[in-house]
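*Asks:* Residues per chain are reported as follows:
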Amino acid sequence: AQSVTQLGSHVSVSEGALVLLRCNYSSSVPPYLFWYVQYPNQGLQLLLKYTSAATLVKGINGFEAEFKKSETSFHLTKPSAHMSDAAEYFCAVSEGGTSGTYKYIFGTGTRLKVLA
Amino acid sequence: DTGVSQDPRHKITKRGQNVTFRCDPISEHNRLYWYRQTLGQGPEFLTYFQNEAQLEKSRLLSDRFSAERPKGSFSTLEIQRTEQGDSAMYLCASSLPGRWQFFGPGTRLTVL
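Line order of the protein sequences matches chains A and B.
Position one of the first sequence corresponds to residue -4 (the numbering used here), numbered consecutively onward.
Position one of the second sequence corresponds to residue 478 (the numbering used here), numbered consecutively onward.
Bear in mind the hints are in silico, worked out from the structure with no lab data behind them.
All of these numbers come straight from a predicted model, not from anything done at the bench.
Any given hint could be a false lead.
Derived Cβ-Cβ restraints for the label pairs, each shown as a range [stated by the list, open to error]:
(1) A:Q40 to B:S535: 20 to 26 Å
(2) A:Y34 to B:R576: 20 to 26 Å
(3) A:T50 to B:Q561: 43 to 49 Å
(4) B:S564 to A:A(-4): 24 to 30 Å
(5) B:E545 to A:N56: 34 to 40 Å
(6) B:K534 to A:E66: 30 to 36 Å
(7) B:K548 to A:T67: 38 to 44 Å
(8) B:R486 to A:S79: 21 to 27 Å
All C-beta atoms, glycine included, are put in the ideal place defined by N, C-alpha and C.
All chains, please: the whole structure from these sequences, using the hints.
*Replies:* Structure representation (structure tokens):
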């Protein structure tokens, strides 16, 4: 069965510092991997996705993530944090291929706090 | 592209009452998903439609829950005899086959 583990339910960084949010996955088939951001009382917005193409994926708002099969990881990074990055971030895994439900399995989330 | 919309955004009800939520997906998306998100947790899959067919239901979807997508467009999620444990954010998402999901703003349910 697929699963996602996000290490660190809360992460605090100073404005301008590196952001690193960790995600490890478990999947018996080649996975599709996603990072979503959620602002308070809002739905989920897609930041970036890995769908078996380039292992380094660039997303919106300066975020990027690297798929490392050997480490079963898909960590999210941003070189310089901005106050507007404060939000909750979710990593998700989905089965790949052309058939299947494509339902997402989400991690428990990491709340990012940016300190002035 | 107006995105995925959900109605209502907030619902407060008393225990034992029935509630119904609506989701309007992106128009050309034939796949529609419902998820439930409780406080401090990630969203959990509830059910999935391809066009009007409900193809998968999670064990989280008890007999009190029913979802429909009658014409393959909008979908409704009904909860009968609500319980306090049903309090959560209910998220709807839609997608094209094999593509990533676009999420709506969610319906926050509070059961008193």
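*Asks:* If a hint holds in the structure, say so; if it doesn't, say that too.
*Replies:* Taking the hints in turn, this is what the structure says about them:
1. For the pair A:Q40 and B:S535, the beta carbons lie near 23 Å from each other, so the given range of 20 to 26 Å is met.
2. For the pair A:Y34 and B:R576, the supplied restraint of 20 to 26 Å holds, since their beta-carbon distance comes to about 23 Å.
3. Evaluation of the 43 to 49 Å hint for A:T50 and B:Q561 yields a pass: the beta carbon distance comes to about 45 Å.
4. Remark: the range hint 24 to 30 Å for B:S564 to A:A(-4) is upheld by a beta-carbon distance near 27 Å.
5. Range check, B:E545 to A:N56: Cβ separation about 37 Å, and the 34 to 40 Å hint holds.
6. In this structure the supplied range 30 to 36 Å holds for B:K534 paired with A:E66, their Cβ-Cβ distance being about 34 Å.
7. In this structure the supplied range 38 to 44 Å holds for B:K548 paired with A:T67, their Cβ-Cβ distance being about 41 Å.
8. Between B:R486 and A:S79 the CB atoms are about 23 Å apart, so this pair conforms to the stated range of 21 to 27 Å.
In this structure, none of the earlier numbered hints is contradicted; all agree with it.
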